[in-house]
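Visitor: The task is simple: from the sequences and hints, build the whole structure.
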Amino acid sequence: MTFMGRTVRVILAVVIAGTVIVSSGTIKAQELTIGTRSEMTLDPHHFWSTPNRAYNVQLYGSLIRLDQHLRPQPMLAQSWTLVDDTTWEFKLAPNARFHNDHPVTAEDVKASFDRALNLKNAAASYRGAIEGIKEYHVVDEHTIRFMTKRTDPALLNEVAQIAIIPREIATAATQADFISGRAAIGAGPYKFAEYQPGNRLVLTRNDGYFGQKAKWSRVTFRTITDDSARVAALLGGDVDVIDLVPPNFIVKIKGEKQLQVNIGISDRTMYLIPDTKRDQSPFIRDVNGQPLDKNPLKDLRVRKAIAFAIDRNALVQKIMQGAGQPAGQTVAPGVLGYAPKLSEIPYDLAEAKSLLGEAGYPNGFAMTIHCTNDRYINDAQICQALAQMLARLGLKMDVQTLPRAVFFPKITDHRGERTSLALLAFGSGTTGDAGGVLNNTIHSLDPERGFGAWNVGHYSNKAIDDLIEKAAVTMDSDKRGAMEMDAVTKAMDDLAVIPLFHSFVIVGSKKGIHYDAYADESTLADAATPVQ
Amino acid sequence: MAFLLRRLLQGITTLIVVSLLIFVGVFAIGNPVYVLVDPSSPPEVIQETIRNLGLDRPLYEQYLRFVIAALHGDFGTSYVHAQPSLLLIAHRLPATLELVVTSLCIAVTIGVPLGLVAGYWARSGLSRWISSLAVLGISVPTFWIGLVLIIVFALDLHLVPTGGRGQTVTLLGMQTSLLTIDGLRHLALPALTLSLFPTALIVRLTRAGIREHRRMDYVRFARAMGIARARILLQYMLRNILIPIVTILGLVFGTLIAFSVVTESIFSWPGMGKLIIDSIKVSDRPVIVAYLLFVVTLFLVVNLVVDMISAALDPRIRLARAE
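Chains A and B supply the protein sequences, listed in that same order.
First residue of the first sequence? That's 49 in the numbering used here, and the numbers climb one at a time after it.
First residue of the second sequence? That's 63 in the numbering used here, and the numbers climb one at a time after it.
Derived from the structure by calculation, the hints contain no laboratory data.
Hints are supplied without guarantee of correctness; some may be wrong.
Residues from chain A that face chain B, not an exhaustive set, calculated with beta carbons under 8 angstroms [said to hold, decoys possible]: (1) Glu-179; (2) Glu-183; (3) Gly-284; (4) Gly-412.
Here a beta-carbon is modelled for each residue, glycine too, at the ideal position from N, C-alpha and C.
Guide: And the structure:
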């Protein structure tokens with residue numbers, strides 16, 4: 049009997065212990081699984097992309113981190129001052145430590161920037177992120193100075209792109225060391241735990257982090273590149289959060305009781321680029337297929353007709369399933385330099401037709417629109433819809449959708465054929481203000497001075513160029529914002545490009561997890577917060 | 063020996079021709095740097111990157127550089143993953159092998175018995191059912207079956223996860239998920255999806271073979287001699303019809319390894335198929351080239367092995383004549 053009694057007691061004890069473990073659900077609740085579109089390149093200086101930068105800032109950390117709206121916030125640098133117009137001084141947080149318990153010093157910062165600038169074999173080099181920096185030197189253990197080539201208001205955002213790693217790793221580690229995790233040592237709020245190529249990356253909370261501690265004890269990033277598979281993983285409860293939800297799934301996710309959709313406005317705006325430079329555009333013909341004697345897109349009235357013929361609300365509602373905001377400019381709302389007075393371009397087909405007639409094309413003309421089919425959400429469908437809308441205006445439209453590997457070399461070959469009308473999106477991510485959009489897409493093409501690299505319609509307007517150049521060297525952000533606003537307004541009045549809509553960032557999550565969407569579509573564990 | 067040597071020479075010639083074709087094709091797609099690079103990079107950085115990677119050189123020079131490096135065992139470093147492309151493929155190979163071998167095992171265990179039944183009792187209702195299912199298995203696209211299986215077994219019944227590879231253990235230096243419950247749960251759906259086509263193929267081949275051999279003299283004699291039906295079927299007929307099946311299995315094995323792309327993407331299975339599709343999406347040229355060459359080599363090896371197995375199964379086949 050006593051033996052039986054003891055057995056029962058043991059079983060009871062085990063059951064009770066089990067209950068305690070189960071009921072202490074907080075341990076479980078601190079673990080997060082994210083289904084993500086993109087795998088991390090563990091070498092922090094090899095491949096510059098938004099997803100990689102987001103991974104880097106969690107694992108390695110950077111001097112500055114960018115918040116939800118891309119505004120610079122202190123991270124490893126606790127403060128910074130402008131010594132003169134081109135010299136910035138950063139003070140490192142004195143208690144910042146790497147995962148191997150070494151303190152973060154100015155020498156480490158210097159070595160990390162050296163590596164980012166000089167890494168061999170980098171196809172998307174971080175050099176592009178910090179091109180404005182002329183040199184940098186260590187002042188003392190916790191102070192480093194950056195000298196810019198010219199007055200550079202975007203320096204903080206540039207510095208935010210570079211991951212900081214210990215000097216001994218920056219100078220000696222091979223890429224294999226990062227993959228194995230041996231060299232995956234940084235100063236970020238999360239630590240490396242496990243990496244399975246193509247499958248998952250596991251990070252754990254860095255309890256020694258000097259700043260605000262990470263929200264989750266353990267985060268698993270599952271690489272699920274296929275959109276439907278990512279949604280299925282959320283629907284099936286395999287993951288807690290998924291990034292980059294395709295708009296056609298919003299309704300489906302909202303319909304599930306235990307799931308929710310988190311939406312934020314992105315820094316990316318979709319727009320059309322007309323060929324405003326050449327006298328004869330390669331993809332424009334008259335309605336009978338004969339060459340035209342001039343390029344209709346050089347006429348503002350024709351550009352206006354095209355702008356008015358596009359029903360932006362229909363685009364956003366029907367094709368983007370509501371995941372977008374009709375736009376009147378290519379600068380994203382909330383970004384410095386956004387001109388609030390520029391409202392969405394109205395849809396007015398009658399006005400568009402009369403403008404086209406006034407310009408001398410009452411019977412329209414034939415034109416090809418070029419788009420990607422694998423770069424932006426629903427890009428091919430947007431392209432088709434645009435062609436139909438322009439057909440209603442009386443243009444004879446032909447649609448060419450291309451894979452991005454073909455599309456981008458074609459449109460950026462400034463001496464080549466390029467396009468007559470192309471669909472593109474551009475984000476303000478790197479500079480955090482309208483400067484990036486203006487310098488790259490509106491300013492006349494000027495490779496020597498670093499302007500207009502993405503001005504693929506070769507639009508050129510001296511007055512706007514002057515404004516952009518002045519804004520680019522104005523440090524006072526209020527003044528700069530006003531100038532940028534002025535430049536944006538002038539460019540939109542002249543329809544240098546034809547804005548369509550501002551994209552949304554869409555993140556799906558389980559109910560009980562709130563996700564603050566980042567404007568540049570960074571996917572961060574700490575953007576997810578458990579709600580009680 | 064002479065046979066092997068000749069096959070080797072043939073293989074090398076094939077590799078050279080194919081590598082040229084691949085290179086011209088990949089070159090025609092355009093400069094990958096424009097796809098990879100962040101759009102706000104200044105043009106001079108882009109130009110310098112292109113120079114550093116040697117992508118500004120004419121096609122023949124790029125090809126020669128590639129060949130020389132390849133002869134030294136260097137097939138280029140992935141632009142995206144910062145790893146040697148061959149190593150990257152090697153890392154993903156075990157996952158794909160595991161998936162393909164499991165599917166083929168399923169295909170053989172289900173396909174051969176069903177084919178035998180359907181072939182020997184060809185007029186029965188059961189046989190018709192099996193044949194129709196086999197037609198269905200061959201004609202229904204994998205991605206559709208995969209999605210249906212996910213919806214039924216993962217989303218509605220919650221029996222298995224929707225995708226990914228589960229817990230793995232190291233066996234003989236290779237990661238395998240065949241030995242853990244979690245691993246098997248993750249493997250079940252993708253393996254089943256991938257096995258449908260080969261199962262259907264094997265059913266049809268076995269059925270056709272059995273029907274053909276049933277009428278042959280040796281079977282009639284055997285039956286006349288009173289040998290048990292099961293023994294005729296399993297010992298005499300099966301052995302004879304196995305040769306075409308092994309040949310096809312070899313080809314299917316190669317095809318599945320090389321092109322399990324669809325299944326792997328639907329189920330986020332971290333194998334080579336997912337690697338190549340993701341690499342194509344971002345123009346990761348070194349990985350694309352290395353992968354295609356790897357696949358060609360794989361097919362050469364598989365064909366050779368199939369020829370040798372056929373010879374072992376049927377001594378009448380002489381290797382020298384197998385060409």
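Visitor: Run every hint past the structure and note whether it holds.
Guide: Verification of the hints:
1. Given hint, Glu-179/A at the interface with chain B, holds; its Cβ is 5 angstroms from that chain's nearest Cβ, closer than 8 angstroms.
2. For Glu-183/A, the interface hint is violated, since its Cβ never comes within 8 angstroms of a Cβ in chain B; the closest pair sits about 17 angstroms apart.
3. Because the closest C-beta pair between Gly-284/A and chain B is about 4 angstroms apart, less than 8 angstroms, the hint holds.
4. The criterion of a C-beta within 8 angstroms of any C-beta in chain B is not met by Gly-412/A, whose closest approach is roughly 32 angstroms, and the hint is violated.
Hint compliance for this structure: hints 2, 4 are not met, and every other hint is.
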